[in-house]
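K.L.:
Sequence:
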Amino acid sequence: MFAALLAASAWNIITWLFGIPSSSSHALMGGIVGAVFVGAGWQVIHPEGLTKIAVALFFSPLIGFIVGWILMRIIMVLARDATPKINLFFKGAQVPTALALALSHGANDAQKTMGIITMGLVILGYQDTFHVPLWVIMASATAMALGTATGGWRIIHTLGGKFYRIRPVHGFSSQFASAAVIITASLLGGPVSTTQVVSSSILGVGASQRRSQVRWGVMVDMLIAWLLTIPLSALLGGAFFWLLSHIW
52 MFAALLAASA WNIITWLFGI PSSSSHALMG GIVGAVFVGA GWQVIHPEGL TKIAVALFFS
112 PLIGFIVGWI LMRIIMVLAR DATPKINLFF KGAQVPTALA LALSHGANDA QKTMGIITMG
172 LVILGYQDTF HVPLWVIMAS ATAMALGTAT GGWRIIHTLG GKFYRIRPVH GFSSQFASAA
232 VIITASLLGG PVSTTQVVSS SILGVGASQR RSQVRWGVMV DMLIAWLLTI PLSALLGGAF
292 FWLLSHIW
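Here the sequence shown stands for residues 52 to 299, where the numbers follow the numbering used here.
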């Protein structure tokens with residue numbers, strides 16, 4: 052489990068340095084598969100479990116795009132006769148939607164990290180049953196908050212300005228759509244990528260208003276990074292496991 056966390060962390064740092072929004076969920080999944088494969092072989096991996104996780108991870112961006120597209124269309128119809136002052140409304144409305152998105156981010160992404168750490172505690176014999184200790188919850192929440200506050204600006208710059216010129220209505224729509232998709236997935240127990248859902252929602256909102264305004268080349272770069280995340284994280288997970296097993 053430690054090797055998987057190291058692999059996911061290393062991949063996230065690499066993509067952060069280049070300002071590329073990458074999926075921590077995909078990186079964690081790849082790291083686990085790589086570490087388990089090197090440590091115990093392919094026979095211990097459950098394909099049905101991987102399939103269930105992969106379906107949730109890969110279909111959630113598509114759902115985020117569709118929800119963002121539909122929501123923006125509805126807003127365009129309802130606000131077709133509105134004055135420019137409506138931007139003030141959407142600017143203020145972004146506060147609760149941002150809070151909802153932050154809540155959904157913690158509800159889904161933090162659970163993955165807490166689950167991996169707790170699984171490691173059970174495997175190592177520090178716990179007899181699978182329950183998440185309070186210190187694991189606090190540590191995961193603190194790490195996520197500090198990471199977002201101190202290192203998120205590179206990713207924010209990409210999501211907030213490189214796709215297209217985002218106005219308050221776009222921010223509100225994408226945040227609302229993302230939060231709705233992620234919270235729903237969390238309630239259903241489906242692990243999704245917050246990064247991919249938010250990115251696809253922003254694209255859906257922009258494409259709904261005017262497809263030509265979206266810089267699709269940026270999306271291609273992100274898509275390449277997403278496709279490389281699982282295999283490269285798996286390689287890192289296997290490498291870290293091999294290294295740690297020889298050290299310890």
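Please note that the accuracy of each hint is not assured.
Distance ranges between label pairs, derived from CB positions [claimed, not checked]: (1) THR201 - ARG262: 32 to 42 Å; (2) ALA91 - LEU278: 20 to 30 Å; (3) THR201 - LEU274: 23 to 33 Å.
No lab work stands behind these hints: they were computed from the structure.
All residues carry an ideal CB built from backbone N, CA and C; glycine is no exception.
K.L.:
Are the hints correct? Go through all of them and say.
P.N.:
Here is what the structure says about each hint:
no., hint, in the structure
1, THR201 - ARG262: 32 to 42 Å, "35 Å, holds"
2, ALA91 - LEU278: 20 to 30 Å, "26 Å, holds"
3, THR201 - LEU274: 23 to 33 Å, "27 Å, holds"
In the structure shown, no violation is registered for any of the earlier numbered hints.
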